[in-house]
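When you get a sec, could you build the whole thing from the sequences and use the hints?
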Amino acid sequence: MDQIIVQILNGLDKGSAYALIALGLTLIFGTLGVVNFAHGALFMLGSFCAVILSRILSASHEVADPTRLDFLGNPAMNKVFYVQDMFGEAAGAAIMDWAVPLAILFSIPVMIGVGFIMERGLIKHFYKRPHADQILVTFGLAIVLQEVIKYFFGANPIQTPAPDAFKGSLDFGVFLGYEANAIMYPYWRLVYFFFSAVIIAAVFAFLQFTTFGMVVRAGMADRETVGLLGIDIDKRFTFMFGLAAAVAGVAGVMYAPIVAPNYHMGMDFLVLSFVVVVVGGMGSLPGAVAAGFLLGILESFASMPVIVDILPGINQIIIYLVAIVILLTRPRGLMGRKGVMED
Amino acid sequence: MLGLTKQDSKLMLIVIGLVILAPFILNPFPEGSAMAQFNAGYPDLMQRFVIFGIFAIGFNLLFGLTGYLSFGHAAFLGVGSYAAIWSLKLITLNVLPGIVFAIIVAGAFSFVVGYVSLRRSGIYFSILTLAFAQMSYALAYSVLTPITGGETGLQIKNTDSPLLGGPTDGSIGRANLFGAEMGNSFELNIGNWLFTFNLGYYIAAAFMLAAFYLSIRIFRSPFGIMLRAVKSNQQRMNYTGLTPKRYTLSAFVISGMFAGLAGGLMVAMDTQVGPERMFWTASGEVVIMTILGGAGTLFGPVLGAGFIKYMENIVSKINKDILHEWFAFMPDGLEDFMVALVYPFIGKGWHLTLGIMFMLVVIFLPGGLVEGGQRIAAKFRRTKNADTPDGASKPAE
Numbered sequence: 001m002d003q004i005i006v007q008i009l010n011g012l013d014k015g016s017a018y019a020l021i022a023l024g025l026t027l028i029f030g031t032l033g034v035v036n037f038a039h040g041a042l043f044m045l046g047s048f049c050a051v052i053l054s055r056i057l058s059a060s061h062e063v064a065d066p067t068r069l070d071f072l073g074n075p076a077m078n079k080v081f082y083v084q085d086m087f088g089e090a091a092g093a094a095i096m097d098w099a100v101p102l103a104i105l106f107s108i109p110v111m112i113g114v115g116f117i118m119e120r121g122l123i124k125h126f127y128k129r130p131h132a133d134q135i136l137v138t139f140g141l142a143i144v145l146q147e148v149i150k151y152f153f154g155a156n157p158i159q160t161p162a163p164d165a166f167k168g169s170l171d172f173g174v175f176l177g178y179e180a181n182a183i184m185y186p187y188w189r190l191v192y193f194f195f196s197a198v199i200i201a202a203v204f205a206f207l208q209f210t211t212f213g214m215v216v217r218a219g220m221a222d223r224e225t226v227g228l229l230g231i232d233i234d235k236r237f238t239f240m241f242g243l244a245a246a247v248a249g250v251a252g253v254m255y256a257p258i259v260a261p262n263y264h265m266g267m268d269f270l271v272l273s274f275v276v277v278v279v280g281g282m283g284s285l286p287g288a289v290a291a292g293f294l295l296g297i298l299e300s301f302a303s304m305p306v307i308v309d310i311l312p313g314i315n316q317i318i319i320y321l322v323a324i325v326i327l328l329t330r331p332r333g334l335m336g337r338k339g340v341m342e343d
Numbered sequence: 001m002l003g004l005t006k007q008d009s010k011l012m013l014i015v016i017g018l019v020i021l022a023p024f025i026l027n028p029f030p031e032g033s034a035m036a037q038f039n040a041g042y043p044d045l046m047q048r049f050v051i052f053g054i055f056a057i058g059f060n061l062l063f064g065l066t067g068y069l070s071f072g073h074a075a076f077l078g079v080g081s082y083a084a085i086w087s088l089k090l091i092t093l094n095v096l097p098g099i100v101f102a103i104i105v106a107g108a109f110s111f112v113v114g115y116v117s118l119r120r121s122g123i124y125f126s127i128l129t130l131a132f133a134q135m136s137y138a139l140a141y142s143v144l145t146p147i148t149g150g151e152t153g154l155q156i157k158n159t160d161s162p163l164l165g166g167p168t169d170g171s172i173g174r175a176n177l178f179g180a181e182m183g184n185s186f187e188l189n190i191g192n193w194l195f196t197f198n199l200g201y202y203i204a205a206a207f208m209l210a211a212f213y214l215s216i217r218i219f220r221s222p223f224g225i226m227l228r229a230v231k232s233n234q235q236r237m238n239y240t241g242l243t244p245k246r247y248t249l250s251a252f253v254i255s256g257m258f259a260g261l262a263g264g265l266m267v268a269m270d271t272q273v274g275p276e277r278m279f280w281t282a283s284g285e286v287v288i289m290t291i292l293g294g295a296g297t298l299f300g301p302v303l304g305a306g307f308i309k310y311m312e313n314i315v316s317k318i319n320k321d322i323l324h325e326w327f328a329f330m331p332d333g334l335e336d337f338m339v340a341l342v343y344p345f346i347g348k349g350w351h352l353t354l355g356i357m358f359m360l361v362v363i364f365l366p367g368g369l370v371e372g373g374q375r376i377a378a379k380f381r382r383t384k385n386a387d388t389p390d391g392a393s394k395p396a397e
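Just so you know, the sequences run in chain order A and B. Counting in the working numbering, the first sequence runs from 1 upward without gaps. Counting in the working numbering, the second sequence runs from 1 upward without gaps.
Just so you know, these hints were derived from the structure itself, not from any lab. Be aware that one or more of the hints could be misleading.
[Unchecked claim] Footprint (simulated), chain B over chain A, 3 or more residues, beta carbon under 8 Å:
1) 58-69
2) 272-278
3) 312-318
4) 327-334
Glycine residues also receive a C-beta, built at the ideal position from the N, C-alpha and C atoms.
Structure below.
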């Protein structure tokens, strides 16, 4: 039993990442009808926002310390961080420690900007072209973004630690009456799960309870009619693209402490996220979220030793296997709407 | 000629000429000169040109004609490679049975994958093929280790004893064709130039020419017209009483067999396989090759494959020092500026150039580099009366 709980918990954080990326993909697909292969690259850009901010915050200059001398007799140099100059010793250290959460604030405007530029500059011209062209051009864009990041940050993963307060693990089993150390779960992964739950809820609330969201939903259902009613739906859809980019971005920021950012992490996630979207049903937001968590949890169940003993290698292929079965038996995916991309 | 129209025969002859004379054409610079690093006429790279040419020709038969975008074609190449290496290890060191074996196994595998994937189209088809390819990769990497050698892959070892004779003195067997080893080369020295004529290259090239000929025939056949019909209007095909799936499945299997042939040839040349050959980025590469060169054109895929392999092997080796040499004629400040400007795009950054070019082609030139060449040629032709020489070196479709 405790094994099962461990696996569910392990599945949750990966599932949250899948769900967030799939949510963004579906938002773009549902509103603009574009299949965005560069979405993984947006996730990657998000995680590099965390890297950039933590580098900015730990910028330092050197100050001579006359009380200490190095072996040549010159005054030793002390490294002084600019943030500590500005906010004082303790506050500065805390700010540097909390670089990753702070990067969320930094990444949202950056990612919305990137999304705007992408949509207005490139994707706008691809609405009328076949899906294959959209896939190809965004695939090319993903390569370009990836290489630009590689040029500036190198090919190696960059460790970006979580704040000290979230280091270590939560002894989850104790709450459920197991002995100590039976179920350990890192704090940061718990944070990631709750964070993604909040983001998902916020996106849904935004679509469900605001006038703007209502118009967007109406546009998703019938773009032409909304346009005929005198609403500039294109502008709103562009904003939704920015929003989807921001969702992918913050998902990436928060994932940085879990997997050290590297330039090809986006592609790794993208392939799985597309599978998630297809399983959930193209164009269905709840489907994307549900399938994200479902596949995340399934994947971690499949890597349990008991199951791997029976079906070796199942942990590697379970997601693809599920996708194939679902696509062939339920062509619309789990919660797909009728008439969306049914060809 | 051989059932080809006049124009196609001309194209075929040009390609045959290019392929036979490749060791000369690709080695235009004398040994030891500053430009010698741009020589691509060494056997390893020439073999890659033609092998990936075959792979891209096969992919083009599917994507260029039917419009079905497969993101999992590397799986067939990988499966073919594994089949070929086992033939070399177990049956005989002659490469021919291995290549035949590779084609058959890849064809069978692509039939299974195609049968399932072709039940859907559009993005779903892409995802399904991607899923199958990733599954094959993951399985080859983990569970199927006894067959695939897992992470280390498979090589010919000195412990292998092929049924039909192998080395008995404990040395490592080498792939051969009726006794002639793939690595055999004839070197020709003319002045400062060194030309290498490699047996392996010419064998691969012969297969590539056969593949190219087949692809012309398929393009011009009623079957090829059916495949184009699938792309333009499936519904209408249905109404006419034709089953699109039979045609698409045949195209899928044929292109899978081409991929298997490419995989078998790869093994024949370097006698080793690893699972990374099936990773989805490898599938992405053949997509880029085909589209960059020109999807749906005859010569485009070969051009794209050659272009990418040239960049990967030659352009990627240019480093900062070489750039400084190039721009040495400029004043110092300008020199540094130019180097800083150019450096991100070549050398290790060649992927960036590739990505940008790929995007530009998708956006502006749906017919790829071949269409670009044709447009330029047309421009020259229009102003022919003025004293411009014709710049049409690119063969038309």
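Hints, one by one, checked against the model:
Note: the region 58-69 of chain A has 0 residues with beta-carbon separation from chain B under 8 Å; the three-residue rule is not met and the coverage is violated. Under the rule that three or more residues need a Cβ within less than 8 Å of chain B, the assignment of the region 272-278 of chain A holds, with 3 such residues. A count of 4 residues in the region 312-318 of chain A with a Cβ less than 8 Å from any Cβ of chain B is obtained; the coverage claim is therefore met, three being the minimum. Look at the region 327-334 of chain A against chain B: 3 of its residues bring a Cβ nearer than 8 Å to a Cβ of that chain, three or more, so the hint holds.
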